[in-house]
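A.B. asks: Chain residues, written in single-letter form:
There are 4 protein chains.
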Amino acid sequence: MVLRTGEQYINAIKSRNKVEIYVLGKEVKDVTEHPFLKPSILSFKATYDAAHEEDSKFLARAWSPFINEEVNRFTHIHRSPEDLAAKVKLLRKLSHKTGACFQRCVGWDALNTLYIVTKLMAEKGKKDYYERFVEYLKYVQKNDIALAGAMTDVKGVRTLKPHEQKNAYLKVIEVTKEGIYVSGAKANITGIAAAEEVIVMPTRAMSDKDQDFAVAFSIPLDTEGIKVIVGRQLNDARRMEEGEIDALPYRTNHEGLVIFDNVFVPMERVFMLRDWQMSGILVEIFSAYHRQGYGGCKSGLADVIIGASYNLAKQIGVEKASHIQNKLTEMVLLTENMYSTGIAASLDAIKLCEDCWWVNPMFANVTKQLVTRFPYEITKLSTDIAGGILGTAPSEWDLKNSKLRPYIEKYLQGISDYPVEDRLRMVRLLENVSLSVAFLIESVHGAGSPEAQRIVLNRIYDYDYAEKIARYLANLEKTEFKDKTEPWRQTDTEKISQQKS
Amino acid sequence: MVLRTGEQYINAIKSRNKVEIYVLGKEVKDVTEHPFLKPSILSFKATYDAAHEEDSKFLARAWSPFINEEVNRFTHIHRSPEDLAAKVKLLRKLSHKTGACFQRCVGWDALNTLYIVTKLMAEKGKKDYYERFVEYLKYVQKNDIALAGAMTDVKGVRTLKPHEQKNAYLKVIEVTKEGIYVSGAKANITGIAAAEEVIVMPTRAMSDKDQDFAVAFSIPLDTEGIKVIVGRQLNDARRMEEGEIDALPYRTNHEGLVIFDNVFVPMERVFMLRDWQMSGILVEIFSAYHRQGYGGCKSGLADVIIGASYNLAKQIGVEKASHIQNKLTEMVLLTENMYSTGIAASLDAIKLCEDCWWVNPMFANVTKQLVTRFPYEITKLSTDIAGGILGTAPSEWDLKNSKLRPYIEKYLQGISDYPVEDRLRMVRLLENVSLSVAFLIESVHGAGSPEAQRIVLNRIYDYDYAEKIARYLANLEKTEFKDKTEPWRQTDTEKISQQKS
Amino acid sequence: MVLRTGEQYINAIKSRNKVEIYVLGKEVKDVTEHPFLKPSILSFKATYDAAHEEDSKFLARAWSPFINEEVNRFTHIHRSPEDLAAKVKLLRKLSHKTGACFQRCVGWDALNTLYIVTKLMAEKGKKDYYERFVEYLKYVQKNDIALAGAMTDVKGVRTLKPHEQKNAYLKVIEVTKEGIYVSGAKANITGIAAAEEVIVMPTRAMSDKDQDFAVAFSIPLDTEGIKVIVGRQLNDARRMEEGEIDALPYRTNHEGLVIFDNVFVPMERVFMLRDWQMSGILVEIFSAYHRQGYGGCKSGLADVIIGASYNLAKQIGVEKASHIQNKLTEMVLLTENMYSTGIAASLDAIKLCEDCWWVNPMFANVTKQLVTRFPYEITKLSTDIAGGILGTAPSEWDLKNSKLRPYIEKYLQGISDYPVEDRLRMVRLLENVSLSVAFLIESVHGAGSPEAQRIVLNRIYDYDYAEKIARYLANLEKTEFKDKTEPWRQTDTEKISQQKS
Amino acid sequence: MVLRTGEQYINAIKSRNKVEIYVLGKEVKDVTEHPFLKPSILSFKATYDAAHEEDSKFLARAWSPFINEEVNRFTHIHRSPEDLAAKVKLLRKLSHKTGACFQRCVGWDALNTLYIVTKLMAEKGKKDYYERFVEYLKYVQKNDIALAGAMTDVKGVRTLKPHEQKNAYLKVIEVTKEGIYVSGAKANITGIAAAEEVIVMPTRAMSDKDQDFAVAFSIPLDTEGIKVIVGRQLNDARRMEEGEIDALPYRTNHEGLVIFDNVFVPMERVFMLRDWQMSGILVEIFSAYHRQGYGGCKSGLADVIIGASYNLAKQIGVEKASHIQNKLTEMVLLTENMYSTGIAASLDAIKLCEDCWWVNPMFANVTKQLVTRFPYEITKLSTDIAGGILGTAPSEWDLKNSKLRPYIEKYLQGISDYPVEDRLRMVRLLENVSLSVAFLIESVHGAGSPEAQRIVLNRIYDYDYAEKIARYLANLEKTEFKDKTEPWRQTDTEKISQQKS
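Protein chains in written order, with the UniProt record's numbering: chain H, 1 to 501; chain Z, 1 to 501; chain U, 1 to 501; chain G, 1 to 501.
Because the hints were derived from the structure by calculation, they are not lab data.
Mixed in with the good hints, there may be bad ones.
Because identical chains share one entry, a pair is satisfied inside a single copy or across any pair of copies.
Pairs of lysine-lysine residues, derived as DSS-like cross-links and limited to a Cα-Cα distance of at most 27 angstroms, are as follows [claimed, not checked]:
1. 482 x 57
2. 320 x 155
3. 166 x 320
4. 403 x 482
5. 38 x 400
6. 166 x 484
7. 484 x 138
8. 126 x 155
9. 478 x 57
10. 138 x 119
11. 410 x 171
12. 403 x 155
13. 227 x 29
Just so you know, these numbers come straight off a predicted model, no measurement behind them.
The following block holds chain H by itself, in its conformation from the complex (with noise of 0.2 angstroms):
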């Protein structure tokens, strides 16, 4: 039996060799204990709870043909739409089950993409790489390994190219037999501390200036030369009063600057190595898998935000006002509406070679545009309906004050079914579920700023064709329409090297 447990998973974390981890300038004994850190961890256990729950596992498992066992999901290569589809449910439900983000997709999406990219590198006659990576992947999905991914390079001065800079891009350093060195740093690394291996990949695409950026491979967090600095996030000094309420303290999520300092990586380890054409392609993939993923996650923290709205508004008597009604019913279609493009994005997938199927890069984009805004306006319209206390209300400690109790529970009771505690809890945890770095920052700037959505629609949007079919239209050509029904979609026989031109 391929599929751990939550604790095991937990346990497994904690038999980690070393690993110079620190937060608020200080370096974590264990990362399962502190304060700081405990939340994000059961949340990232919660998808491994999710292969073992009831309502949850028919999503959570999937029968992997390289073990020719079920494995969790998360270490699964998608077989077809249905795969993918099953990927952005079950990420929407694994936000209700966090209200946070569980950080372990980017290492999902980087398997993904490698079996792609290993692949089609074997496809032009580099078999080792390929080779490597399924006897990798089968390692990872027999003991059900908890990953990161790690593409985001810290990238200096945004305008000059990789080997125009020093430090900006993590480099390969010495090549031996026996395998590589790497020096440099990833940045805005989610779920690092809670991971035991961590997939790298470039960045961007590269000239063959660069190629010692272009370097792919995967290695245990407890190496040598690793350093991890965990980053703040809103609010997270909270956590450390370690009280149970202001803090919602039970789930949610980190990113970390990871550091390598000349680290070495073993050659089987190793599945892409100053490959500078592939990396562009590397990249393109993995960022469109990464922004469908994104339909599904912020949907789900959008449930928990709509529901934590509606709750707040029964308390106090408001819920059927037609002005709730009609703000709850535009944070349905915010949230449908990036639920869906992400649904349509898999189920209208491309098999881009044998047994592997791509996302609808399309839609995926699309989705993950959607993403970029919508919840800033999810989070207006539950500030809205929640009321000024969602800026103002007593502290937990103010409440666990027994001559300030009765003060609070007098004056800030609504409809008598609901105690005032419950008001507070619900009012903290859509503060801390709407107002996050995981609903809001990660959502403009995760799977790539907003910007780089728009350079992909921009560049896979057929405008000459569009503009045929103007012309056409307006009498002034005899257009030969193309037999497809999107102005950007390829004919069957076109090849996924045009779609990257």
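Got chain H sorted already, so can you dock chains Z, U and G onto it with the hints?
C.D. replies: What follows is chains Z, U and G alone, placed relative to chain H:
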């Protein structure tokens, strides 16, 4: 071979018995030659030609198990999610060929709706309707009949129910063994003058007091007692000029008021009679089908607008300016967003009964709600790109005046590759497509006004479940999560009846 | 008494010498009787009548120190912030009286612009222009002349400068002691056929190579060598039907292409000649004046649309529905937002020189930028409220057909207080105002396309000062705050030249 | 000299008698030294310093006819439209100096409101209130008292009226000759812990059954029976870390729940007692004043956000990229739009009585409605420009760790002109200002939630007059136009009483 050509369709319309059709106050002799209506006929005709054109026949044909032959998809009963997606794709493509509404969807959606509704009634024991309907369906498929659909009643005072009003809803006057007599009017009937037959359906849920209004049937347009008053449209009078540029006379669409003055319908064409309990279900099924379709046809018109805008930008050398690129990208985003939700509504479909595929109602309603908003934004962006010339360009009659033409050619010349006449033709195309009833007003009100979709969104989203999720995360209850990934989705064992409650 | 009546204005237009004016390819004999142009003349006429009507004369009159008499405000030089606000208020009111653009603002803004520009040139020693201009101004005021203004050149290839193009900009051909000869064309000239004279101005900043294009002057329309080709507008062909309902024939507006074929301008009417350095300043001053005005006239049209929408909602009994109330409120918000920024641009004005009041350029540009967006939103909301009938209503010719009228009256009746003819008239008003060139296309492109305002906003906002504020608050510097309350505002000692740099 | 310095203010707060103030469940000894509250005190202090700083004293001072001296404008009764504009300008400037809400506006608006309301009551014969109030005003002006204002009641069940609830509204318990006793609580009271006195007002229109809730008075905070529970805010716990970067500890603001437990108010401080008829008028006057002000303070915060975003773009070399320029321009537009409507509300003011200047209620409500929307959009745009680092940057404690600092400085370096510490400081400034209660939640709910403004917009716009205009233009009636230029504006002879109906 049951696939009519466009020409066969035209001949069929010409050979109808006399139908009383009025345009601008005068009765029309031959709709296929009348300058006001001919463009509509040509647009409807495109649905027939598409089944014979290389670039579209793979979409425009489908195999019918009812008659064991290939039929025009516009008469097809959807048998899979892929069929539903093919509908959306076909509609997008046909918009490219017409630049207008081609007016054959309502009849098609009516066929699919009645197929399900009569089947549901058969399951409850009333088998006549289903049997009659299948016979009728075979007739339609074999003869590739041009169908219109009529749902919208004239409605009178909106706050009153059907039985509280006079004249506002079409009504059964008398029932005999041979058939029924109906009187009343249906409004906003798309493409009515271009159809051979019309399928009539009730427009809303009914109570037992309203049972005389709960009637569905089909009737040839040349039946005695039917009158059609064709409505005006923005910019329509230009068609009467009979020019070749300014009115874009080749293709357009029309709506009409259809009057039924004691019209006899033979019983074999009656598909619902006083079954008031089924009226709301019929409307729900129809409207979701019809809302899904808007994701196809309106995104196709948006492609035309994008193409025209892009061409006009090129004509004056600004297509690469960053703000133009940004606006084009935004138009692409809006277009693909409408479209992808329509695709999601198709591929994530619901099987209502054996061989009955209904669209996903949440996604279908999201699709239409977007369509009520985005066309105005797309039109604004295209106006911005096109420049002031959109509202000030000389007429074709100026261009054809040999004294004026040299001035116009001298002063309106942009990039020399493009003759001034091309510029004027493209300006007129954009004006006639972007500022049209088909793109603006129909997008708002067709398939139900915006509030109608919001009512559905609000009704089918499960706020109570979302609230439970929030309460679970706020530590207020030990939620039993359900095996559904979206708050609104039913579990497998649930039924349409619940969907409808 | 220098205040003409509307009738006197009509007579003046009738008594012009022959002007070559073309409509739909044919020369027009009498613009005041031509069905295409008469509505424009009546709209222009409203600016004269307003000075004699009780409800508006307090706004439409102003006292001129130049001729020591009360003048029509449309010939007035603003002498205070209150004068500027009176302009905005007058424009809103006139929109109520016309439901259209009344076409006299461009000439008015041209007068005020040339007053300042010639004064600035006089301050630098070139006094002739100012002296000529004041003489001309007195003539205009004493005779209450109907002025058009012509700024927009035909522009050709947008990426080329004036001197790099052929034909794209109006040009000085020859200069003699008596005057100058000019050739070229001006495009999109509002109300040109309804004017007695036109003031011509350069359209952009010029370099020394472009000096032949840096010319401003005034000229009677009946001067030899001038030709006018009137442009088409959305829905214009209905005017030619000469009905009384569908075309709303009473008031509208028009734009035209004006051709100058070696036209002689006497020197006393020349207000700028090859002063290329002043060309950009002239455009900046004019465009801010003109952008401010849009806050008045377009909010006035929005009032008409709100009123029509409200009336149509009442006619079917839904005006109190919460979603209708919500949409009306949103229309009010958008309307008053456009208007209030125009008022702010007026009352927080800038004194450019003695007796010279210019609008606040930031607020004027904000106003116009809003006007490029909100009308499409207002039109969408009004379409939503009005219902599908906006795109499907029978024509007046149907209503006048005695056979059809009973059916129309029977089936289109709503609340019994409102005759069906009222409903059709109101539908046509809404169609003709909300979906018009005046409300949509002119709002986007008049007084400069959207990007033009964004360039100004971006240029005059002082990002460096905002950055200093941020650096001060981030404890990065000890900022010297300046005595200005907005980052973009100048301190008292600064000059227009800086405003312009 | 009545103009206190900031230091004098601090000393005054320190020398209050004991006030029961609770933060995070514990009583605070000295608010001026408490890490949670000190930033608020410093922000309040800025209103005093401004009257002595060269760049702001021209705005922060005004001459009072009541005491014949120059006073701090925050105690000034507006005597002209220019005074009202000076308020908006001062608030924008103070936001530049604090990056936060400075919390002194509510008390100021309360003074101006009570001045008018007591004057209106005096006109009706109740002169005591006015006389008491003017005495109190002189005291406030002479001593430059730090005032808070308390309007919002805790409200309980929103659908019940005050007298139908228990505890939900502050209430008069007993009236004696010397004064009154009140009990209850006021919620969301801005800056309460930083004030010396608080002015209490009713929160809504009242009926005769609610007269015990119709009470207005002023009271020193150190009066017996008053307790303050300071509320939590987003990100507040960082203040307790007592660092110097991450919490931006210099300036912030707070809100509190104020409990009145049988508090005695001497009669000379009572300004309304059971005058339930005046309660609605008081709220209307106050809320319009307060809504106008938001056009100043929130646009000032937006300047800070624009400046920080611009600086962060420069730090990585992308400030000239077209999409960054476009986003900055959009932020400027939104900022100046909010601000200009506030200016219009001021300069187009209404004189309610002799020496009483009220803001234009339409424009004031437009201003606040915009403020409920734009900050979320501005925050989204700033998040976009700032990059993912906004949610992932290391803490100041990491930077101060000598082992980690070299890594951070190596890998987070952008353009070499900017030290990495600058980048982190600017990121934290942006995080703390853009994602704050002051910019987001207060913008939605302060001065009334969004629906409150919509109700006013909908009520004061004259739809009937707009309808008449439409009917006139549709040729349905011979409208008598009124001498008002906006549908909602009153003619000169009309009164506030009508404004209020």
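A.B. asks: Flag every earlier hint the structure violates by its number, smallest first.
C.D. replies: 4, 6, 7, 8
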